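**Student:** This is what each chain is made of:
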Amino acid sequence: MKHLVLASLFASAIALPAMADYTIIAPANPGGGWDQTARTMQQVMQEDGISPSAQVQNVPGAGGTIGLAQFSSQNKGNPDALIVGGYVMVGAILTNNSPVSLKDVTPIARLTGEYEAIVVPAASDIQDMAGLVAKLKENPGAVSWAGGSAGGTDHIAVGMIAKAAGVDPTKINYIAYSGGGEALAAILGNQVTAGVSSLGEFEAQVKAGTLRLLAVSAPERIEGVDAPTLKESGLDIDLQNWRMVAAAPGLSDEQKAKVTADIEKMAKSENWQKQLSDKGWMDTYLAGPEFDAQLEADVTATQAILKDIGLVK
Amino acid sequence: MSDFRPEPQRRPDWAALVIAVFLALVAGVMLWDSARLADLGGYSGVGPASVPRVVAYCLLGLAGWTALAAFRGDFPEREPQNPSPILWIVAGLAAQLMLLHIAGFSIATGILFAFTARAFGKRNLAMTLPIGIVFAFAVWVIFAKLLMLHLPPGPLEHLFFPGG
Amino acid sequence: MGAFDFLMQGLATAAEPMMLLYALIGVTLGTAVGVLPGIGPALTVALLLPVTYRLDPAGSLIMFAGIYYGGMYGGSTTSILLNTPGESASIITALEGNKMARRGRGGPALATAAIGSFVAGLIATLLLAFLAPSIVQIALKMGPRENFALMVLAFVTVSAALGDSALRGLTSLFLGLALACVGIDQLTGQARLSFGVPELLDGIEVTTMAVAMFAVGEALAIAGTRVQADESVTAVKGSVWMSRKDWARSWKPWLRGTAIGFPIGAMPAGGAEIGTFLSYATEKKLSKHPEEFGNGAIEGVAGPEAANNASAAGTLVPLLTLGLPTSATAAIMLAGFQQFGLQPGPLLFATNPTLVWGLIASLLIANAMLLILNLPLIGLWVKLLTVPKPWLYAGILLFATLGTIGANPSSFELGMLLGFGVLGYVMRLFGYPIAPIVVGLILGPMAEQQLRRALSISQGDWTVLVQSPIAATLLALAALALIVPLILRARGKGQVLTQMAGDED
Numbered sequence: 001m002k003h004l005v006l007a008s009l010f011a012s013a014i015a016l017p018a019m020a021d022y023t024i025i026a027p028a029n030p031g032g033g034w035d036q037t038a039r040t041m042q043q044v045m046q047e048d049g050i051s052p053s054a055q056v057q058n059v060p061g062a063g064g065t066i067g068l069a070q071f072s073s074q075n076k077g078n079p080d081a082l083i084v085g086g087y088v089m090v091g092a093i094l095t096n097n098s099p100v101s102l103k104d105v106t107p108i109a110r111l112t113g114e115y116e117a118i119v120v121p122a123a124s125d126i127q128d129m130a131g132l133v134a135k136l137k138e139n140p141g142a143v144s145w146a147g148g149s150a151g152g153t154d155h156i157a158v159g160m161i162a163k164a165a166g167v168d169p170t171k172i173n174y175i176a177y178s179g180g181g182e183a184l185a186a187i188l189g190n191q192v193t194a195g196v197s198s199l200g201e202f203e204a205q206v207k208a209g210t211l212r213l214l215a216v217s218a219p220e221r222i223e224g225v226d227a228p229t230l231k232e233s234g235l236d237i238d239l240q241n242w243r244m245v246a247a248a249p250g251l252s253d254e255q256k257a258k259v260t261a262d263i264e265k266m267a268k269s270e271n272w273q274k275q276l277s278d279k280g281w282m283d284t285y286l287a288g289p290e291f292d293a294q295l296e297a298d299v300t301a302t303q304a305i306l307k308d309i310g311l312v313k
Numbered sequence: 001m002s003d004f005r006p007e008p009q010r011r012p013d014w015a016a017l018v019i020a021v022f023l024a025l026v027a028g029v030m031l032w033d034s035a036r037l038a039d040l041g042g043y044s045g046v047g048p049a050s051v052p053r054v055v056a057y058c059l060l061g062l063a064g065w066t067a068l069a070a071f072r073g074d075f076p077e078r079e080p081q082n083p084s085p086i087l088w089i090v091a092g093l094a095a096q097l098m099l100l101h102i103a104g105f106s107i108a109t110g111i112l113f114a115f116t117a118r119a120f121g122k123r124n125l126a127m128t129l130p131i132g133i134v135f136a137f138a139v140w141v142i143f144a145k146l147l148m149l150h151l152p153p154g155p156l157e158h159l160f161f162p163g164g
Numbered sequence: 001m002g003a004f005d006f007l008m009q010g011l012a013t014a015a016e017p018m019m020l021l022y023a024l025i026g027v028t029l030g031t032a033v034g035v036l037p038g039i040g041p042a043l044t045v046a047l048l049l050p051v052t053y054r055l056d057p058a059g060s061l062i063m064f065a066g067i068y069y070g071g072m073y074g075g076s077t078t079s080i081l082l083n084t085p086g087e088s089a090s091i092i093t094a095l096e097g098n099k100m101a102r103r104g105r106g107g108p109a110l111a112t113a114a115i116g117s118f119v120a121g122l123i124a125t126l127l128l129a130f131l132a133p134s135i136v137q138i139a140l141k142m143g144p145r146e147n148f149a150l151m152v153l154a155f156v157t158v159s160a161a162l163g164d165s166a167l168r169g170l171t172s173l174f175l176g177l178a179l180a181c182v183g184i185d186q187l188t189g190q191a192r193l194s195f196g197v198p199e200l201l202d203g204i205e206v207t208t209m210a211v212a213m214f215a216v217g218e219a220l221a222i223a224g225t226r227v228q229a230d231e232s233v234t235a236v237k238g239s240v241w242m243s244r245k246d247w248a249r250s251w252k253p254w255l256r257g258t259a260i261g262f263p264i265g266a267m268p269a270g271g272a273e274i275g276t277f278l279s280y281a282t283e284k285k286l287s288k289h290p291e292e293f294g295n296g297a298i299e300g301v302a303g304p305e306a307a308n309n310a311s312a313a314g315t316l317v318p319l320l321t322l323g324l325p326t327s328a329t330a331a332i333m334l335a336g337f338q339q340f341g342l343q344p345g346p347l348l349f350a351t352n353p354t355l356v357w358g359l360i361a362s363l364l365i366a367n368a369m370l371l372i373l374n375l376p377l378i379g380l381w382v383k384l385l386t387v388p389k390p391w392l393y394a395g396i397l398l399f400a401t402l403g404t405i406g407a408n409p410s411s412f413e414l415g416m417l418l419g420f421g422v423l424g425y426v427m428r429l430f431g432y433p434i435a436p437i438v439v440g441l442i443l444g445p446m447a448e449q450q451l452r453r454a455l456s457i458s459q460g461d462w463t464v465l466v467q468s469p470i471a472a473t474l475l476a477l478a479a480l481a482l483i484v485p486l487i488l489r490a491r492g493k494g495q496v497l498t499q500m501a502g503d504e505d
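Chains as they are written, first to last, in UniProt numbering: chain A, 1 to 313; chain B, 1 to 164; chain C, 1 to 505.
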């Protein structure tokens, strides 16, 4: 058995590549969402023979902008290089004044995404979104929001809520935590008024009854989730924290089509679908011109809200 | 690194004075940088510039203290140093840094290995260099191929693992 | 079935020969990768996780547990023998452990680390198994102000590692705090001290800094020393094993380290390194041989190592009961669990008892396997010190750079390694202690963020910092730890002034 393990390790390691041999850049440290996406892609691509010796390389830093910059400068015209990214990158490019943007790579497809959820501790006297908005209007400083790092999706969501409710977005009392876990602890421990994070972070707690789910940022109700959308609550917000894969800049149309086909094959595979459901990720696959348009819209909207919050001049 | 000799008593310790100046410089840079930050303290009243400012003032105080200690000769005696081994190691690290992405992990790291060995007395580079490169290559195979760690490949790695 | 039956059932599964073999492979791989400087348990687990995917759930769970423990123990080995801590939690181990190794007592140092880790792992895993739900309720009471108070306490206790000169210790600490300011301010997204260099936006990586300061700085300092010919290394002086006296001096620190490390690991903002700082300070205060601290006191290895391992098990409390990953390692473990269809959360113990108890049993078995594998190997590890210096240090620098390149293959990171290595050398040359600068880099951002969060929630009201009983108690403890030694010294020998002026020796 030990032999088997080692043998299979070895086989996968030294098998000579017959097909595309992708190197997937995860512009983050091991363990985060982008790294997991990249490693899941690697696994599916290896197992399904799309790219038998796909590799993952971590280039962490500054909301993915370091990885993005390195990727776009070092891989011009390289059809075997991929980078994982996501909505957080859109904000990070703006707040960090990154010289490189998503225009400097070739976005291929959106793979998965999560909607934002707004929760309060079960012991809170706030029962619904209207209650929370009322408090916010009364005294924005008294409503403390726990979420991820400044300028990230969670912060943007709070800014959008304030703006939609007619409250000055610069007046929000947003408490940035380093990760979903720490923010969740602050909410569960009744340290803050409300919490904002991706739905998956809160789902188990909501089911267990320790958190009250007020609303989700989806355009329409999500199956199996007992909560109204923000739109239903009178706040016109549709925000998805998506993850995507992009290829190197300067590819020919042929090369781009080949990469897109490989990614589509992966995203439609049973193996990938199983991985998504195991990990609780939503399949929000979107490619081609539709994805490009969506990306464009997201960039414009994000720039506007970051200016309103005061993070981007 | 020059040769430091213990200074006679009651004369300023020039090296320690340099440290004091360095600390003051660090403090100055921090104060300059924090002055440029927008004050986004928000509701806490403690903004992004506050902590760097406090640290900078403490460093200024420590710079003064260091200068005082330098004039009083309070610093411990320093052991005499050999500059050449230090330079060999620094050169090895610098060579690895510059060659890593061009020559690949094995060759770049092999040079570091050989230079370090030289710093510690193994002077024959004709022997240590091949040993270093072979050793680094073995390490590369284990970590890059078996454990899938990304270590930049170069000509040598491509020779044995074409396409990898 | 009660908890105990589940545990027994899990142990029975995990004790099958095949499972033991997986545990052995996991521990071996974990140790092999974990010994590399700069590769801590988080990266070790991330790298080796795919290996476990190829097995059935029970098998992969146990191999995973083995990798985890192996990765942690591997870091201590190099800290002790070569003064090159691979991660922040083993920096304190290097302080005393390496001094022991240099005096030919590397064997007992490794043994007390291994056995201490085992004892702490055992107790902490059992605490995790039976008390997790109640512990987590207490841990959740730790908000920003309580965490800030804890950081203040940690800062005060760090003075234990400041060395013999207040001036040089504080300078080192404040340089660390200055470096800690570099990068994007997490609470406002503002870039501080990064001068438009994108690589600096995420701040200075603690592992790079630690590896540079310890491994590179150490190599430079030893290479530069003129009198090196007559200094022959004594790999083993006396027994490789712990003597009766070593045992007597180790068992209490093990237990105290466990008691300190476990709750701190369970706290959302804990972090294993804080437990090791507090444990070291406690041992120094309680020791009958305080003069040995700084020269290789076995308590200074036993306590922090136990605290490190106990806090790793503590991290699993919020992870398993709430689904909260509170450290990088925990985040990767979460990814690992999901692979086994385990969704950590408040209902996990109720909905998926077989897997949870299987995991706990696996941790127990892997912990024991680590001890069985490593105790006989100590003799071999110690031999590492007899490797001739040119090869030994060439190898250390090779692996130190391998760790840095593997974590982030950027020239900038290697440049930092070189720069901080030279800084580490200069600091050694002038008698500045190394640990405080790294400690400042770790604790600085934590303390700052917690303070600002607490004040933000209270809307600028500073009195909240003492309004919670936990925070007030911790701050009072910190004040006592700061003031009492000063009073004692003033009454004793009137040394306060000398202390203030600079040198004690």
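Bear in mind the hints are in silico, worked out from the structure with no lab data behind them.
As the structure is a prediction and not an experimental result, all values here were calculated from the model.
Check the hints yourself; a few may be wrong.
[Said to hold, decoys possible] In silico DSSO-like links for lysine-lysine, alpha-carbon gap of 30 Å or less: (1) K141/C with K137/A; (2) K171/A with K141/C; (3) K256/A with K103/A; (4) K122/B with K389/C; (5) K141/C with K122/B.
**Student:** Now, for every hint given, state plainly whether the structure supports it.
**Tutor:** A quick look at each hint next to the structure:
1. Of the pairs offered as hints, the one joining K141/C and K137/A holds, with about 29 Å between alpha carbons and a cut-off of 30 Å not exceeded.
2. Restraint check: the Cα-Cα separation between K171/A and K141/C comes to about 27 Å, which is no more than 30 Å; the hinted pair holds.
3. Among the hinted pairs, K256/A with K103/A is consistent with the structure: their alpha-carbon atoms are about 15 Å apart, no more than 30 Å.
4. Distance hint between K122/B and K389/C is fulfilled; the C-alpha atoms sit about 9 Å from each other, no more than 30 Å.
5. Between the alpha carbons of K141/C and K122/B the distance comes to roughly 59 Å, so the proposed pair goes past 30 Å and is violated.
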